[in-house]
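**Student:** Given only the sequences and the hints, what does the whole structure look like? Please build it.
Residue numbers (the working numbering), protein chains in the order written: chain A, 1 to 331; chain B, 1 to 253; chain C, 1 to 279.
Keep in mind that the hints are not guaranteed to be accurate.
Now the in silico label distances, taken between C-beta atoms and shown as ranges [what the hints assert, rightly or not]:
#1 B/16 to C/9: 50 to 60 Å
#2 A/215 to C/22: 19 to 29 Å
#3 A/70 to C/10: 15 to 25 Å
#4 A/120 to C/245: 27 to 37 Å
#5 B/59 to A/128: 50 to 60 Å
#6 A/34 to B/182: 46 to 56 Å
#7 C/50 to A/319: 48 to 58 Å
#8 A/215 to C/12: 16 to 26 Å
#9 A/34 to B/16: 22 to 32 Å
Derived lysine-lysine pairs resembling DSS-like cross-links, with alpha carbons at most 30 Å apart [to be verified]:
#10 B/112 to C/161
#11 A/121 to C/192
#12 B/77 to B/66
#13 A/120 to C/13
#14 C/13 to A/226
#15 B/140 to C/192
#16 B/29 to B/87
#17 C/161 to B/18
#18 A/121 to C/101
#19 B/94 to C/192
Please keep in mind that the hints were generated in silico from the structure rather than gathered at the bench. Think of the CB as a built atom: it goes at the ideal place given N, C-alpha and C, for glycine as much as any other residue.
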Amino acid sequence: MRNPLRTTHFFYKLNTQYSSPLKWHITGDSLLKIISALFASSVLLFLGLMVYELVNGSWLSIQTFGLNFLIGTKWDPAISQVFGALPLILGTTVTSVIALLISVPISLGIGLALSEYMPKKFGFAISFLVELLAAVPSVIYGLWGIYVLIPFLRDHVYLYLRTFFGFIPIFSGPIYGGGFLTASIVLAIMVIPTISSILRDLFSAVPNSLREAMIALGATKWETVKAVVSYARSGVIGAVILGFGRAVGETMAVTMIIGNKFQVWPSSLFDAWYTMSAIIANELLEATYDLYVSALINIALVLLFVTLVINILSRLIVWRSIRLVRGIVKE
Amino acid sequence: MVVPKIKVENLNAWFGKKHVLKNINMEIKENTVTAIIGPSGCGKTTFLRCLNRMHEIIPGARVSGKVIFNGINIYDKGVDPVIIRKKIGMVFQKPNPFPMMSIYDNVAIGLKLNGVRDKKALDTAVRQSLELVNLWDEVKDDLNRSGANLSGGQQQRLCIARALAVEPEVLLMDEPCSALDPISTAKIEALIRRLTENYTIVIVTHNIQQAARISDYTAFFYLGELIEYGPTKQIFENPKHELTRKYIMGEFG
Amino acid sequence: MRKLDHYKFRVFKDHIMRFLVYLSLVLVLIPLFSILYEVVKRGISVISLDFFIKPTPTVGEEGGIANAIQGTFITIGLASLIGVPIGLMSGIFLSEYNEHKLSVIVRFFNDVLSGIPSIVIGVFIYTLIVRSIGFSVIAAAFALAIIMIPIVTRTTEEALKLVPLSLREAAIALGLPRWKIIPTIVLRSARKTVVTGILLSIARIAGESAPILVTMGYWRWWFAGLDRPVANLALNVFIFATSPFESWRALAWGSALVLILIILGINIAVRIIMREKSW
Chain A
1 MRNPLRTTHF FYKLNTQYSS PLKWHITGDS LLKIISALFA SSVLLFLGLM VYELVNGSWL
61 SIQTFGLNFL IGTKWDPAIS QVFGALPLIL GTTVTSVIAL LISVPISLGI GLALSEYMPK
121 KFGFAISFLV ELLAAVPSVI YGLWGIYVLI PFLRDHVYLY LRTFFGFIPI FSGPIYGGGF
181 LTASIVLAIM VIPTISSILR DLFSAVPNSL REAMIALGAT KWETVKAVVS YARSGVIGAV
241 ILGFGRAVGE TMAVTMIIGN KFQVWPSSLF DAWYTMSAII ANELLEATYD LYVSALINIA
301 LVLLFVTLVI NILSRLIVWR SIRLVRGIVK E
Chain B
1 MVVPKIKVEN LNAWFGKKHV LKNINMEIKE NTVTAIIGPS GCGKTTFLRC LNRMHEIIPG
61 ARVSGKVIFN GINIYDKGVD PVIIRKKIGM VFQKPNPFPM MSIYDNVAIG LKLNGVRDKK
121 ALDTAVRQSL ELVNLWDEVK DDLNRSGANL SGGQQQRLCI ARALAVEPEV LLMDEPCSAL
181 DPISTAKIEA LIRRLTENYT IVIVTHNIQQ AARISDYTAF FYLGELIEYG PTKQIFENPK
241 HELTRKYIMG EFG
Chain C
1 MRKLDHYKFR VFKDHIMRFL VYLSLVLVLI PLFSILYEVV KRGISVISLD FFIKPTPTVG
61 EEGGIANAIQ GTFITIGLAS LIGVPIGLMS GIFLSEYNEH KLSVIVRFFN DVLSGIPSIV
121 IGVFIYTLIV RSIGFSVIAA AFALAIIMIP IVTRTTEEAL KLVPLSLREA AIALGLPRWK
181 IIPTIVLRSA RKTVVTGILL SIARIAGESA PILVTMGYWR WWFAGLDRPV ANLALNVFIF
241 ATSPFESWRA LAWGSALVLI LIILGINIAV RIIMREKSW
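**Tutor:** Next up, the structure:
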């Protein structure tokens, strides 16, 4: 019997040669590789171009002020045309640090609840809700902050704090409701999803043998959990740094809440302040002359530099620790 | 003397530093079924995958030696593995139809992606391939349904049809029945016998009885080496090597 | 006796910590529900049919957010047109040429790029594009595309890596070259997850306002060409949040509601798609 399939020659030309006649497959494969590699490299192009453009754009400011830009405390576009960013750098740093002080313990709690305490099925729903919190746009946090959080904090928290602790300077002074403490609280809510989801993944990657060993020693749940956290501690640090990076760059919600007051140091926790990102959002469109624009781009450059360092650092730590944790699983 | 369909010369294979195939020499004759047997981990699957250059797709895997197919060493420079795999098809241990495709597309995809646009030609090929594996009558009304809904035995026959549709000359089968029930296994074994009319088949099996039932030639592998190779009848009735005898008697593995 | 007391203390501490862990869940859910509740409550009270068919009002006029909805969709559409192909191809490269040295570098800097604040990306596009062609929807689209690329890249890579090896092997054994296997077999198997990633990146850029502000500025009219700005929902929220007129503040809440619904809708859709995954 003849092969019925091989009689149907109208399929495609039978190649008696085994090397590609037109080199089509080889070219097709390498073409896909080259094209996808080019697209993939665009990330490097964007980052490189970003650094170049921002350095280029802030060149005038760098030439004019040099390092004084970072330690100058005066921002006077109207008369003397002097720009110093120290108050902004302080405002950004302090609000972000306070945000972390609030969000890290809560994120640890959430990470542990999802990886250690809750049944998987229920944890799935909670994860979804936490992710939803990350999906809420920054401006909506700002809007909610202005109309819901500020009145609440002013009437139910800040007034009492001042009444009872007013003798301590940081709890005295006028209460607007907005201000840098409120901004920090909103920032804290915004970075919780970032930190907690990394922590959840990190803790889940910790090998079960560690938990079993602790339980076998007669440890309580909390003692077991403590061992898990300490096992993954370098990753926890990475996650915290990453959260700091998010908080530093956050713009709209902060702009709407912090009060946008250019000063080196606030008089109390209830005082207004300013951040790097907020001043760009507020003034870039209104900057009327080159040096002014250049100073604002210079701030963006500082922000880029800070977030680049933070990200590279934290990614390295998180990557390494997850690999470390997983590597030990294998052995 | 018949020219062998595939001639293996000094074939060695590695996974990283692990030497999994050692100096294999073997001739596979046209229109026969050759069974590869041996305990697990003896390199039989690796050997099979070396015959159509599937071994090298695993990162860290390496091959040396020659596999001469139709007079051409498939490991020669300039030989396109893609064309080799079209000529030497493969069926896997676990049925793996493409789950997102219909039954029709599962069979036709090889031709479609090789540039066959003619609807009639595709229809004919799909029908002939499915008839060849005795699946046509069972699925002809459900050609547009997903292949994932078929039973395990049907899925495996679908995979064989998919491999046949691209017109291979050799079919490599890697324990094709290990995931199937006895009835499906019997159907596939009958199918394999029938296919020898037009195809050369190399089948890896861990089931010694299966090798005895369906193969013309049997090769026994042990720890990466080819211990014994010859007509099935001789291997089973009068093995030359002590290891072969022990394995066939079920004394180890 | 002392030993027992110590044990009691440990158990007590265990209970306290369990309580605190669950408390943290409650603490994080309060703002979420408060935001959803307030936006829906205040948003619903201001919307009407007019609200969806009229553009931004001028002083003393009644108006709506129709132009902002139009503008948001145009901006997102353009951004996706730029960002999705780049993200898809990058994801394919990272997953299919995993062993390549470039993959490691790209994967790392892709993560780094996703951590750059959106305002910085906005200023970058401001210096790169706005200063030569002016505030425009095309500039905004570029900024948003750069934000979405790392997300699409990452999820595409993860999705493609989940495609079982057995499917790839089946395709390879059919004598198909890689460049045909990837778009047909691999991408098609993973298409649900890939689409999910694209949808999530769209949800992310839909709410971005900082880069919109510095690349497009504020615009009260309809779409008027790619080299001109368009209105934007998120920016509406920012601009009108503290405006002196009641009817303008309504624009902020209405825009916020529509935004939240879009983003919530996408997130829920993604969950539903993922639930019917085939593996």
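**Student:** Are any of the numbered hints broken by this structure? If so, which, sorted upward?
**Tutor:** 3, 4, 5 and 18
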